[in-house]
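The lines below spell out each chain.
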Amino acid sequence: MRDVIEVHELVKRYGSMTAVDGVSFSVAEGEVVGMLGPNGAGKTTTIEVLEGIRAPTGGQVRVLGHDPARGGRHLKTQVGVVLQSAGIDGALTVAETIALYAGFYRHRRPVAEALAEVDLEECAGRRVAALSGGQRRRVDLALALAARPRVLFLDEPTTGLDPAARRRTWDVIAGLRGQGVAVLLTSHYLEEVQRLADRVVVMHLGRLVAEGPPDRLGGGSELASRITFRRTFTDELPPGPWERLAAAGTTVVLATEDATEAMHALTSWAVDRGVELEGLELRRPSLEDRYLELTEGGHDR
Amino acid sequence: MTSPPADADSMRAAPGAPPASGTSERPRLGLALAPGQVRYQLLLLVRNPLGSFITVVVPLMLLIALDLVTPEMTLQSLGGVPVVQFLTPAMASFAVLNAGFVDVVVGTTVARDQGVLRRLHATPLPTWALLIGRLGASAIVAAGSVLVVLGVGIIFLHAHLASSAIPGLVLSTTVGLLVSFALGVVCSTLVPSTEAALPVAYGLMLPVAFISEVFFPAPGEAAWLRSVAAALPVAPFAHAMESAFAVPPHGMTGGQLGVLLAWGVGAAVVAIFTFRWEPGGLRRQRARARSSLR
Ligand SMILES: Nc1ncnc2c1ncn2[C@@H]1O[C@H](COP(=O)(O)OP(=O)(O)OP(=O)(O)O)[C@@H](O)[C@H]1O
Ligand SMILES: [Mg+2]
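If you read the protein sequences in the order shown, they are chains A and B.
Each residue of the first sequence is one higher than the one before, starting from 0 at the first, in numbering that gives the first Met the number 0.
Each residue of the second sequence is one higher than the one before, starting from 0 at the first, in numbering that gives the first Met the number 0.
Note that these hints are calculated values from the structure, not bench results.
Among these hints, one or two may not hold up.
[What the hints assert, rightly or not] Label-pair ranges, simulated between beta-carbon atoms:
| no. | chain 1 | residue 1 | chain 2 | residue 2 | range |
| --- | --- | --- | --- | --- | --- |
| 1 | A | Pro-109 | B | Leu-28 | 15 to 23 Å |
| 2 | A | Gly-211 | B | Leu-28 | 40 to 48 Å |
| 3 | A | Pro-212 | B | Leu-197 | 53 to 61 Å |
By construction, the Cβ of each residue, glycine as well, lies at the ideal position given by its N, Cα and C atoms.
Take the sequences, apply the hints, and build the full model.
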């Protein structure tokens with residue numbers, strides 16, 4: 000598959016503050032790439048450079064082979080966006096707003112179809128100002144799709160959506176992927192990224208700290224299972240085939256490559272000592288576990 | 000084989016496929032987007048009529064009030080004509096300044112501050128098509144206000160307009176609107192925030208209007224002030240409007256047209272190069288530009 004979004008050593012500074020610090024990745028046709036990272040990691044900055052809204056300080060970016068800052072109307076015609084922060088006129092109705100934006104494109108989506116995609120048929124005649132936050136977010140998404148874009152930049156497209164609307168949005172995005180649209184998506188919902196993304200990039204403090212499929216992210220501890228329980232006893236844990244991870248309160252988290260042996264060692268030790276391992280659980284590490292590991296410390300610059 | 004409901008859900012018809020590449024790449028003609036922008040701005044106008052209402056009502060009230068306090072006065076400086084002969088075109092020009100300048104500064108700043116321009120900038124809408132939309136709406140408000148002010152002046156206050164003066168009046172209104180609009184767009188780029196828009200717009204426009212004989216004729220004005228006013232864009236416009244009601248009426252002079260065109264063209268060029276889509280004041284913009292050059 001052809002790469003339609005290419006980012007090479009992207010750097011963006013605001014004054015002396017480096018928001019994006021040498022980030023490289025790409026997105027191919029028909030691929031959904033999820034971008035994760037704590038607040039202030041540089042996700043929006045990266046996406047806005049790709050949208051041509053911000054000029055990069057260094058590095059190269061290409062969207063459909065064009066420099067986004069110079070691609071002009073030709074490029075913008077093929078790109079749909081949901082911005083993290085932007086406005087639409089509250090005085091227009093939902094249908095009028097979608098019609099206005101669809102009118103910018105030669106190959107537009109019919110207004111009724113766009114409304115149906117985001118489940119806003121009932122709100123078609125309502126003023127945008129009278130919509131709830133989640134409904135307004137769905138209008139944003141409808142506007143991004145009005146273009147029948149080949150590339151989609153979605154910056155937290157489901158923030159504020161109720162669970163049903165979020166699932167519906169996932170279906171829409173999955174459908175677009177099936178048609179070869181390249182999607183770059185940011186989200187703070189790990190489940191969303193797990194479900195949608197073919198690949199995940201994790202940003203932290205302006206750098207790309209991991210990249211890979213959502214179920215095998217971050218290398219290193221990728222195969223380690225997690226054993227958790229609450230420590231309601233004072234005895235020291237015996238040595239075993241595990242590594243103890245930092246955890247809050249009385250919770251103990253052990254990472255192990257060899258779950259069977261570790262469980263055996265742990266439970267037989269507990270039985271011998273007569274201690275109870277409360278809430279004992281063995282599970283495969285989730286995307287969330289790996290994400291939190293990767294982005295520990297240094298939040299909110 | 001039966002599929003569980005979850006599967007049926009995920010198999011729901013996918014949204015329309017993007018057209019084969021090659022066709023989707025061609026943007027719509029920029030010119031074709033302009034009528035939609037005019038319609039959009041008019042819709043906003045109809046939905047928020049208060050702003051344009053003030054544009055009409057304030058000059059109208061001033062016309063009636065100023066005429067009431069000086070009913071019998073005649074104006075030596077205009078060849079002994081009744082004061083309403085001066086006030087009617089003067090208030091019409093004030094209405095044009097409101098519609099073309101003040102409303103544009105405020106409207107553009109609000110749209111920019113709310114991120115509406117930012118969102119539009121992510122689409123293939125060209126800057127000039129957006130501006131044509133705003134200009135269209137301003138022109139309609141300006142034309143409406145001028146008609147109302149002239150109508151009230153002529154019908155109720157007995158101002159006299161010779162039919163031979165009408166083409167000159169139309170030309171003056173048009174030129175005045177275009178110049179005001181271009182200056183309004185430039186001015187909006189200097190305004191840091193929504194709250195500052197109205198004070199900045201009126202703060203610039205009113206003092207110039209005062210020395211430009213928009214509210215009262217000032218035959219005793221100092222010569223230097225008179226020449227300053229004549230070089231600014233308001234006086235040539237207001238005087239051209241007022242001369243349509245003079246006895247005998249005459250049109251815009253070449254000198255007035257020259258000054259207005261110079262301002263208009265200059266402002267249009269500056270507007271094209273300085274137009275901003277991103278919210279925030281000029282200082283923040285500069286800092287941003289500097290950082291992106293580094
Ligand atoms: N216009 C700006 N001027 C100065 N600094 C900025 C500007 N925009 C963003 N920043 C800074 O750049 C850093 C990255 O911001 P960015 O918006 O890209 O983060 P993000 O990953 O999108 O965060 P979030 O998850 O909260 O949306 C932040 O520290 C932010 O304060
Ligand atoms: Mg962000």
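Tested hints:
At about 21 Å, the beta-carbon gap between A:Pro-109 and B:Leu-28 stays in the expected band of 15 to 23 Å. A beta carbon spacing of about 44 Å between A:Gly-211 and B:Leu-28 agrees with the range 40 to 48 Å that was offered as a hint. Roughly 54 Å separates the CB atoms of A:Pro-212 and B:Leu-197, a value that falls within the hinted 53 to 61 Å.
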